[in-house]
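Protein chains in written order, with my numbering: chain A, 11 to 181; chain B, 11 to 181; chain C, 11 to 181; chain D, 11 to 181; chain E, 11 to 181; chain F, 11 to 181.
Check the hints yourself; a few may be wrong.
A pair holds if it fits inside one copy or across any two, identical chains being indistinguishable in the list.
[Said to hold, decoys possible] Pairs of lysine to aspartate or glutamate, EDC-like flavour, derived with a Cα cap of 16 Å:
{"#": "1", "residue 1": "Lys171", "residue 2": "Asp77"}
{"#": "2", "residue 1": "Lys140", "residue 2": "Glu26"}
{"#": "3", "residue 1": "Lys175", "residue 2": "Glu159"}
{"#": "4", "residue 1": "Lys175", "residue 2": "Glu114"}
{"#": "5", "residue 1": "Lys171", "residue 2": "Glu30"}
{"#": "6", "residue 1": "Lys171", "residue 2": "Glu114"}
{"#": "7", "residue 1": "Lys175", "residue 2": "Glu30"}
{"#": "8", "residue 1": "Lys175", "residue 2": "Glu149"}
It should be emphasised that the hints constitute simulated quantities derived from the structure, not laboratory data. The structure presented is a predicted model; accordingly, all values stated were derived computationally and were not measured.
6 protein chains.
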Amino acid sequence: MPSDRLPRDGGVRPSETRTEMTWIVMPGQTNALGTVFGGQVMAWIDVCAAVSAQRFARCTVVTAGMDSLNFRAPMRQGNIAVLRASVNWAGHSSMEVGVRVEREDAITGERTHTSSAYLTFVALDSRGNKVRLPTLSPETDEEIRRHHEAEMRREARLRHKEDVKNRRAAR
Amino acid sequence: MPSDRLPRDGGVRPSETRTEMTWIVMPGQTNALGTVFGGQVMAWIDVCAAVSAQRFARCTVVTAGMDSLNFRAPMRQGNIAVLRASVNWAGHSSMEVGVRVEREDAITGERTHTSSAYLTFVALDSRGNKVRLPTLSPETDEEIRRHHEAEMRREARLRHKEDVKNRRAAR
Amino acid sequence: MPSDRLPRDGGVRPSETRTEMTWIVMPGQTNALGTVFGGQVMAWIDVCAAVSAQRFARCTVVTAGMDSLNFRAPMRQGNIAVLRASVNWAGHSSMEVGVRVEREDAITGERTHTSSAYLTFVALDSRGNKVRLPTLSPETDEEIRRHHEAEMRREARLRHKEDVKNRRAAR
Amino acid sequence: MPSDRLPRDGGVRPSETRTEMTWIVMPGQTNALGTVFGGQVMAWIDVCAAVSAQRFARCTVVTAGMDSLNFRAPMRQGNIAVLRASVNWAGHSSMEVGVRVEREDAITGERTHTSSAYLTFVALDSRGNKVRLPTLSPETDEEIRRHHEAEMRREARLRHKEDVKNRRAAR
Amino acid sequence: MPSDRLPRDGGVRPSETRTEMTWIVMPGQTNALGTVFGGQVMAWIDVCAAVSAQRFARCTVVTAGMDSLNFRAPMRQGNIAVLRASVNWAGHSSMEVGVRVEREDAITGERTHTSSAYLTFVALDSRGNKVRLPTLSPETDEEIRRHHEAEMRREARLRHKEDVKNRRAAR
Amino acid sequence: MPSDRLPRDGGVRPSETRTEMTWIVMPGQTNALGTVFGGQVMAWIDVCAAVSAQRFARCTVVTAGMDSLNFRAPMRQGNIAVLRASVNWAGHSSMEVGVRVEREDAITGERTHTSSAYLTFVALDSRGNKVRLPTLSPETDEEIRRHHEAEMRREARLRHKEDVKNRRAAR
Numbered sequence: 011m012p013s014d015r016l017p018r019d020g021g022v023r024p025s026e027t028r029t030e031m032t033w034i035v036m037p038g039q040t041n042a043l044g045t046v047f048g049g050q051v052m053a054w055i056d057v058c059a060a061v062s063a064q065r066f067a068r069c070t071v072v073t074a075g076m077d078s079l080n081f082r083a084p085m086r087q088g089n090i091a092v093l094r095a096s097v098n099w100a101g102h103s104s105m106e107v108g109v110r111v112e113r114e115d116a117i118t119g120e121r122t123h124t125s126s127a128y129l130t131f132v133a134l135d136s137r138g139n140k141v142r143l144p145t146l147s148p149e150t151d152e153e154i155r156r157h158h159e160a161e162m163r164r165e166a167r168l169r170h171k172e173d174v175k176n177r178r179a180a181r
Numbered sequence: 011m012p013s014d015r016l017p018r019d020g021g022v023r024p025s026e027t028r029t030e031m032t033w034i035v036m037p038g039q040t041n042a043l044g045t046v047f048g049g050q051v052m053a054w055i056d057v058c059a060a061v062s063a064q065r066f067a068r069c070t071v072v073t074a075g076m077d078s079l080n081f082r083a084p085m086r087q088g089n090i091a092v093l094r095a096s097v098n099w100a101g102h103s104s105m106e107v108g109v110r111v112e113r114e115d116a117i118t119g120e121r122t123h124t125s126s127a128y129l130t131f132v133a134l135d136s137r138g139n140k141v142r143l144p145t146l147s148p149e150t151d152e153e154i155r156r157h158h159e160a161e162m163r164r165e166a167r168l169r170h171k172e173d174v175k176n177r178r179a180a181r
Numbered sequence: 011m012p013s014d015r016l017p018r019d020g021g022v023r024p025s026e027t028r029t030e031m032t033w034i035v036m037p038g039q040t041n042a043l044g045t046v047f048g049g050q051v052m053a054w055i056d057v058c059a060a061v062s063a064q065r066f067a068r069c070t071v072v073t074a075g076m077d078s079l080n081f082r083a084p085m086r087q088g089n090i091a092v093l094r095a096s097v098n099w100a101g102h103s104s105m106e107v108g109v110r111v112e113r114e115d116a117i118t119g120e121r122t123h124t125s126s127a128y129l130t131f132v133a134l135d136s137r138g139n140k141v142r143l144p145t146l147s148p149e150t151d152e153e154i155r156r157h158h159e160a161e162m163r164r165e166a167r168l169r170h171k172e173d174v175k176n177r178r179a180a181r
Numbered sequence: 011m012p013s014d015r016l017p018r019d020g021g022v023r024p025s026e027t028r029t030e031m032t033w034i035v036m037p038g039q040t041n042a043l044g045t046v047f048g049g050q051v052m053a054w055i056d057v058c059a060a061v062s063a064q065r066f067a068r069c070t071v072v073t074a075g076m077d078s079l080n081f082r083a084p085m086r087q088g089n090i091a092v093l094r095a096s097v098n099w100a101g102h103s104s105m106e107v108g109v110r111v112e113r114e115d116a117i118t119g120e121r122t123h124t125s126s127a128y129l130t131f132v133a134l135d136s137r138g139n140k141v142r143l144p145t146l147s148p149e150t151d152e153e154i155r156r157h158h159e160a161e162m163r164r165e166a167r168l169r170h171k172e173d174v175k176n177r178r179a180a181r
Numbered sequence: 011m012p013s014d015r016l017p018r019d020g021g022v023r024p025s026e027t028r029t030e031m032t033w034i035v036m037p038g039q040t041n042a043l044g045t046v047f048g049g050q051v052m053a054w055i056d057v058c059a060a061v062s063a064q065r066f067a068r069c070t071v072v073t074a075g076m077d078s079l080n081f082r083a084p085m086r087q088g089n090i091a092v093l094r095a096s097v098n099w100a101g102h103s104s105m106e107v108g109v110r111v112e113r114e115d116a117i118t119g120e121r122t123h124t125s126s127a128y129l130t131f132v133a134l135d136s137r138g139n140k141v142r143l144p145t146l147s148p149e150t151d152e153e154i155r156r157h158h159e160a161e162m163r164r165e166a167r168l169r170h171k172e173d174v175k176n177r178r179a180a181r
Numbered sequence: 011m012p013s014d015r016l017p018r019d020g021g022v023r024p025s026e027t028r029t030e031m032t033w034i035v036m037p038g039q040t041n042a043l044g045t046v047f048g049g050q051v052m053a054w055i056d057v058c059a060a061v062s063a064q065r066f067a068r069c070t071v072v073t074a075g076m077d078s079l080n081f082r083a084p085m086r087q088g089n090i091a092v093l094r095a096s097v098n099w100a101g102h103s104s105m106e107v108g109v110r111v112e113r114e115d116a117i118t119g120e121r122t123h124t125s126s127a128y129l130t131f132v133a134l135d136s137r138g139n140k141v142r143l144p145t146l147s148p149e150t151d152e153e154i155r156r157h158h159e160a161e162m163r164r165e166a167r168l169r170h171k172e173d174v175k176n177r178r179a180a181r
């Protein structure tokens, strides 16, 4: 059972968990074609999402999983990577963080959406036990829409887990 | 249209793409609880899968995406991380690589399965154009089962893409 | 003489150069007392400022110098480092970027101002020649105050340079 | 005197200590000619050998030394580095690990043997005291040959140490 | 109040704190023009100065600040960076370290002075309390000149701090 | 055949190739016992030796090999690592560099010799062809002794190579 923690009055607004991370793509992070390794982008996504989750949970958080991720456009050496994360949904001790990754051309300033990621984090105390999360209070239309979509993704994840379990049992 | 490349006679067997990566979890890669960052594991997964994809395609490969990923058990400082990858499925210019991640306790030797990942890679020539892939020839029962499951995942990915497109159009 | 480049109509507003960088202080970046190395913070400051300068100049920028820097409070492992930069002042081919560094306690959320830095960047084209910068157009009271203070710092820098030259000549 | 530890029944077979490490040579690890730094390869060798030694000793191991090492062929950016290690010989508390380094051309798949290294490790408990090692049980012809050659190298090392000591005494 | 520590007899000579650091500028540390990032040089300066301060204080030291820094010439990939630091001045618990950075052309051997930095460090014991420093005993003309100039910089720093405080109060 | 290069008049003195590198052992570079990885020390040795070889050859150098290396004492987190290298011997296109590694206790200042390494480097031009080296001119007794010992090591290396070749032929 999650250890006790008082939720803040009226819950936490998603905007309070908003996190922005900016980075320049450096030579050591690119392949023979000059495009950044997918795994490097994943590592950036995880750090940005973890800060957002910490800002909501105000305790240690660990990545429980990430939804499927597509790279829609390559990021090149010298490009500016801009990541923005916020908490979309929160349950008793787990939460969903959404991260939007954009590539900014340093010369033209043009911004391109390169990927969107949805990660699940679990909140833990210093002994590694689950912590009860505060309430998330979406207020704007955008925040409510994201909360709703996160709920649908959560249901899809649970269904998918069930499917995998059944398929394994059937083998 | 993919540029021309002669497939090797009789295709490539999945075992020829098998890649193993072993790593020790170092202090700089862990959080306050001494467990490795999720993003670090993702970065390892991407490198291991990329080598496997290169061994199949024999050209530059870029990560197109990764299926949903769950971390079933934490990896701690001092643990040995063992990653094993091989190509499960290949189409004209894209392929699926499966990666199994295990944590090995350095003292007891106990092995724990911590995550399984499925990544899609695209093969490119030096100008960044798509390259026609050789044929994949699964032979053992295990290889045939993996190939079949990869095909089902591919269909699920295409359906999911269609769904997202329709939902966006409906908004 | 700087090569020609058309300034954007009406100049660039400082808010268009605003850059935010968020980072978690990791174990590999701290000393025996668990506080981050000063040089690591300087490296973060330089990257954040460089992105801001690039967003103004829209070309390659190189660090010409940094004003004196004081660390007012230590940053510890697990703290969140938040850096915010924007261009304060711009001349023909050099500009001043201000960076504010804050430490955020991941558990309490408390924010502490740990240092303020002022860096000078020079804009260069691909052959390393100086590039003529667009006009900076401060509009809000805050932007105008920063612009004014940056001008005073610039004069102080020129006076300081003159002093050093004279003292050397007098030796 | 080494602290007590029960050897596993019938000893450990060299194949149980087999460790494979695969890595892509990245841009940040190469010199002006595009070939990887010798020291980087040595660092990879040490990690791969340490994992192998840990798999045998099942405790903390520290590098005591490395035999002379020759780089027979350069490794270039984009090449795949494949390292394979296993324990060749074990005494009371020290052991020899052999590492074979191969360069794999990512495009042609051609494998080239670039170096062979022999490292000595010492097994320690958590207080830094020497630990009694299990017995090594070479079984195949190959394992027995390696064990025999390792014994000859060990004798050569002891003779060399004696020589150095005598030469120093004679000065 | 600083905790007690016996100063060494007759004080420490600046030459005993002399520290030299040599490094090759690697591909992963340079921008699109092939010149090293300013922040990377700052990080090197801080490490070199910290070692010098430790050699004087013989306890943990933390960077309190750095005077204004100018990059007089770029450092390129393949250049050798040579940093030399020594303690110029010491008070009760803080000290000034001077660092001279030179770029050495690996092919011609030509040395160019690229920057001079003056950093202030504070000496701390293992609980983070200030430690009383030994006496610094400059002896050569050069050491005495540096000590004198450091004293003038220290006065300028105190005046500057006072100015900033007054200007803030006046707002 | 080595390409032509004019040796400097009267040769290069070993002291002109002297290189010093100082480094603090950081948390990310140590194992569970808090001692630095052997491979990290090897990587430092290779960089320090490469700078020394470049100062002699004044062209690109690549590591051809390293003699056997023993770690006589562990280096711990917070220790200062001091490496000193100089060229001991030079032939037509290869040279031997000696490196002495010392551990300095940051608190007591005590220095301990932890290892000595002898590396062979080959000098190459920008197309990767061997370059004719300048003459090495040892002058002091110490330099002449090192030159003599390097010659003996060179002969031992050639004998060892011959032995290995014969043993392989005999199998």
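Against the structure, the hints come out as follows:
1. Taking CA atoms no more than 16 Å apart as the test, Lys171 paired with Asp77 passes in both settings, with 12 Å inside one copy and 13 Å between copies.
2. Taking the closest pair of Cα atoms, Lys140 and Glu26 never come within 16 Å of each other, the shortest separation being 22 Å inside a single copy and 37 Å across copies.
3. In this assembly of identical chains, Lys175 and Glu159 lie within 16 Å of each other by CA distance solely across copies; the values are 14 Å between and 24 Å within a copy.
4. In this assembly of identical chains, Lys175 and Glu114 lie within 16 Å of each other by CA distance neither inside one copy nor across copies; the values are 42 Å within and 24 Å between.
5. Proximity of Lys171 and Glu30 under a CA criterion of 16 Å is satisfied in neither setting, with 31 Å inside one chain copy and 27 Å between copies.
6. When the C-alpha separation of Lys171 and Glu114 is checked against a cutoff of 16 Å, the pair qualifies neither within a copy, at 36 Å, nor between copies, at 25 Å.
7. Taking CA atoms no more than 16 Å apart as the test, Lys175 paired with Glu30 passes in neither setting, with 37 Å inside one copy and 27 Å between copies.
8. In the homo-oligomer, the alpha carbons of Lys175 and Glu149 never lie at most 16 Å apart, since the shortest distance is 37 Å inside one protomer and 26 Å across protomers.
When the structure is compared with the earlier hints, violations turn up for hints 2, 4, 5, 6, 7 and 8 and for no others.
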